[in-house]
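Asks: Between the sequences and the hints, there should be enough to build the whole structure, so can you do that?
Which chain is which? The protein sequence lines are P and L, in order. For the first sequence, the numbering used here gives the first residue as 5, with consecutive numbering after it. For the second sequence, the numbering used here gives the first residue as 5, with consecutive numbering after it.
The set of hints was computed from the structure by calculation and includes no laboratory data. Where hints are given, some of them may not hold.
Since the list can't tell identical chains apart, any single copy or any two copies may satisfy a pair.
[To be verified] The calculated lysine-lysine pairs, modelled on BS3-like cross-linking and capped at a C-alpha distance of 25 Å, are: (1) 294 <-> 267; (2) 111 <-> 334; (3) 312 <-> 264; (4) 264 <-> 294; (5) 294 <-> 282.
Protein chains: 2
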Amino acid sequence: MQLVIRLSIEVISETLRTILTRVGFSNERAALCARLFAETSRDGVYSHGLNRFPRFIGAISDGLIDVNAEPSLVESFGALERWDGRSGPGNLNAYSSMRRAMELSAKHGIGCVALRNTNHWMRGGTYGWQAADAGFLGICWTNTLPNLPPWGGIRPTVGNNPFVISVPRSEGNVVLDMAMSQFSFGALESYRRRGEQLPVVGGFDVEGELTSDPAAIETSGRPLPIGYWKGSVLSLMLDMVAALLSDGCATYQIPSEVLKETKLSQVFIAIQASATNKERMLEEILAFMKSSSDDQAAVRYPGERTLKTRMTNLAEGIPVDEIMWESILKLDD
Amino acid sequence: MQLVIRLSIEVISETLRTILTRVGFSNERAALCARLFAETSRDGVYSHGLNRFPRFIGAISDGLIDVNAEPSLVESFGALERWDGRSGPGNLNAYSSMRRAMELSAKHGIGCVALRNTNHWMRGGTYGWQAADAGFLGICWTNTLPNLPPWGGIRPTVGNNPFVISVPRSEGNVVLDMAMSQFSFGALESYRRRGEQLPVVGGFDVEGELTSDPAAIETSGRPLPIGYWKGSVLSLMLDMVAALLSDGCATYQIPSEVLKETKLSQVFIAIQASATNKERMLEEILAFMKSSSDDQAAVRYPGERTLKTRMTNLAEGIPVDEIMWESILKLDD
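Replies: Next up, the structure:
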């Protein structure tokens, strides 16, 4: 039986901040890193917020993450810059990179930072919201370890690379944050635990047949890329561009064990959106999309539920698994 | 019975050039426009090459395309520029925009052209190949008329927006050119004519059930976005960004009849790739991807077959439907 408690974002942030300080983060970096984790849970992306924190601490213990390493500029091409993440914390490196891309965009209209040698950025949407909150269009992606079989293959040789696009909007940013598999392994596990079948086919079983059975896909290790052959090659392209632009590692060079994943390559693009004043157009785009169904709630845009979840979690507290929370408190010993 | 003849690229280009000159194109523009059509068929994308030419001429007759209108600069932000396509021919406008994005990239590292008020660009991959042939990473996309129901909806309120990413490679560029539906209406028609079912589910029937029957999807008008809910919102984001950056029309503002489609918005991004010398890494990325299967031919990268098709078509002639060719020759009256 899972017990869920509700905690304020302040309690969560402060607890994580204390632990991060204890494992060596400078004060300012601990505060930002803790805030990014807490805000991810606040927005309802629990898998990449608090629930991920123990693994993050583990990666520090294992020496994958150098807590106070800051990205350094390798080369500048004007509106495009190449940075080395120096094995720093993935979320701080990514946050810093999107901030730099926005600075470049403010100067040149568009700015791009390619970052190598970084660690898992946790929730990709964080950097989309970051750009949109500041009034920029944001586009970013990361490569990952090889964890997805490409279309036509069996063994995982492409990454489930998350791809983020964000548009600033006064009524709530529109933020797409999608990985390349139809269902993440975390999602497969959730469906299995609830005893449910997937709503659509999500991968192959060990016989090579398409299936909606989450357990069968976990066993085969063959989730489906979105759009079958299409997501498979989109994943390839994102990896190629990230590795080329950052002069960093491609998926095939990244350790293939989940707990050893490091040396990731990422791309952050920010584009000035303020030149246009198109709030009304954005509202009309969304209204038109929803007009596809008589039940407009059935057609959703990305980010639509985020603000509602955020408001609820700020008002009532962020839901936290009690056992997980106790394990986090034990990190503060 | 379909009769296929094989024609040299020179015969095709020259024939199209003559017709384009006759409908008012200046000599230089006629030659480039004809070449882009012919090269599309040369590369095996027949649907957007020669087979599309009669409809292109029809759009000129209907006044949608102003044959000698050239894009004009609306506003410059440095590495980002906004251009007005002035209802010129879509392929010439797009070619000119990617060329300008490359110029900006050569100066700033990254360059972006947002183009409004343009027409169908024919094969999106053309501009990916254009960038990669010149040694740039290319990213571009276009919006379209509303022709795809979003996930959760029934009526078509998002576009089947093609998205292109290209990477230069001496052994043959890697060029992704994918639209947002799992199968285009052209592909559905081809499967139906061959009496085949789709290899995977491709849309809904009129009862709202997922189906692999191409005719059922043509009847319902409900093809599936790639990745169900994922491609649906990716399409939305591409439309939003293209319309915002170009200050042009979004999908909901584009005439919804296929033969009246115009006033499209597009984005062209070019990024310097020459700073890195990573040929070996690219080969290793592709080899690793293919190692997913013991049958490496089963795992393909985008663009893999293009060069082979190109070589065959240059050596043996480009396959052309004889009746379609006769209808093109009649345009030259």
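Asks: Does each hint hold? Answer for all of them.
Replies: Against the structure, the hints:
For the homomeric pair residue 294 and residue 267, the shortest alpha-carbon distance between copies (22 Å) is at most 25 Å, but the shortest distance inside one copy (41 Å) is not. For the homomeric pair residue 111 and residue 334, neither the shortest alpha-carbon distance inside one copy (46 Å) nor that between copies (53 Å) is at most 25 Å. Proximity of residue 312 to residue 264 under the C-alpha cut-off of 25 Å is found in neither arrangement, the shortest distances being 35 Å within a copy and 40 Å between copies. Taking the shortest alpha-carbon separations for residue 264 and residue 294, only the inter-copy value of 23 Å comes in at or below 25 Å, while the best intra-copy value is 43 Å.
For the homomeric pair residue 294 and residue 282, the shortest alpha-carbon distance inside one copy (19 Å) is at most 25 Å, but the shortest distance between copies (45 Å) is not.
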